[in-house]
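Asks: Spelled out from the first residue to the last, the chains are:
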Amino acid sequence: GDSVTQMEGPVTLSEEAFLTINCTYTATGYPSLFWYVQYPGEGLQLLLKATKADDKGSNKGFEATYRKETTSFHLEKGSVQVSDSAVYFCALTSPGTSYGKLTFGQGTILTVHP
Amino acid sequence: SQTIHQWPATLVQPVGSPLSLECTVEGTSNPNLYWYRQAAGRGLQLLFYSVGIGQISSEVPQNLSASRPQDRQFILSSKKLLLSDSGFYLCAWKAGGTDTQYFGPGTRLTVL
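Chains as they are written, first to last, in our numbering: chain P, 207 to 320; chain U, 1100 to 1211.
Simulated from the structure, these hints should not be mistaken for laboratory data.
If you're wondering where the values come from, they're calculated on a predicted model, not measured in any experiment.
Restraint-style ranges between C-beta atoms, simulated for each label pair:
#1 U:THR1102 x P:GLY207: 29 to 35 Å
#2 P:LYS262 x U:GLY1195: 25 to 31 Å
#3 U:GLY1151 x P:THR277: 31 to 37 Å
#4 U:ILE1152 x P:LYS262: 36 to 42 Å
#5 U:LYS1179 x P:LYS274: 44 to 50 Å
#6 P:ASN265 x U:SER1157: 29 to 35 Å
#7 P:GLU214 x U:SER1156: 29 to 35 Å
So these bits of chain U aren't anywhere near chain P, every CB distance computed over 12 Å:
#8 PRO1117
#9 SER1128
#10 GLY1153
#11 SER1164
#12 SER1166
#13 GLN1172
#14 ILE1174
#15 LEU1182
Quick reminder that beta carbons are idealized off the backbone N, C-alpha and C, glycines included.
Can you make the complete structure from the sequences, with help from the hints?
Replies: What follows is the structure, given as structure tokens:
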């Protein structure tokens, strides 16, 4: 079945540092890939997505590129801020499921210090 | 634009009491609707999904149930809560034919 593996963390960075959160996946066919962010006490917000190989999703300075050859979708940001502290989830949905099942990674806690 | 609401935001209930959590979506028709639970360990577990009124599918057996009495309303219920039902419950929706789910603000349930 489908699965998503992301680095466990927690990840602790200083403000303005470079961020990478690794995400790899296993799926049949060509899944759509997502990054969601969850701020403390809140629901999940869609951060970015990509639907086909070599697509780059971007939002709020975050980027991730759909790499079919390495089955990866790593999240990057060039300069993090304290306000980026949150839990980040990588997820996929395969085109074969009729109800759009989302498969999530376990989440990565990011803490950014001033 | 579409919005999704959940209530209550927080709930503290004794073991053995009933439960009703509500989720409503505005600004769309015939959405797919989902209930997830997030335990303290961060992972998300899909509990139920619905592709239409009265159509409910369960992903995991448990003492919870779900109903969809109206097109944009999704309710999570239990007759008798267990300690293990504590967690953060998230509702999500997706437009038919698209691939992106959008989440509500969540309900924090504590069973004592």
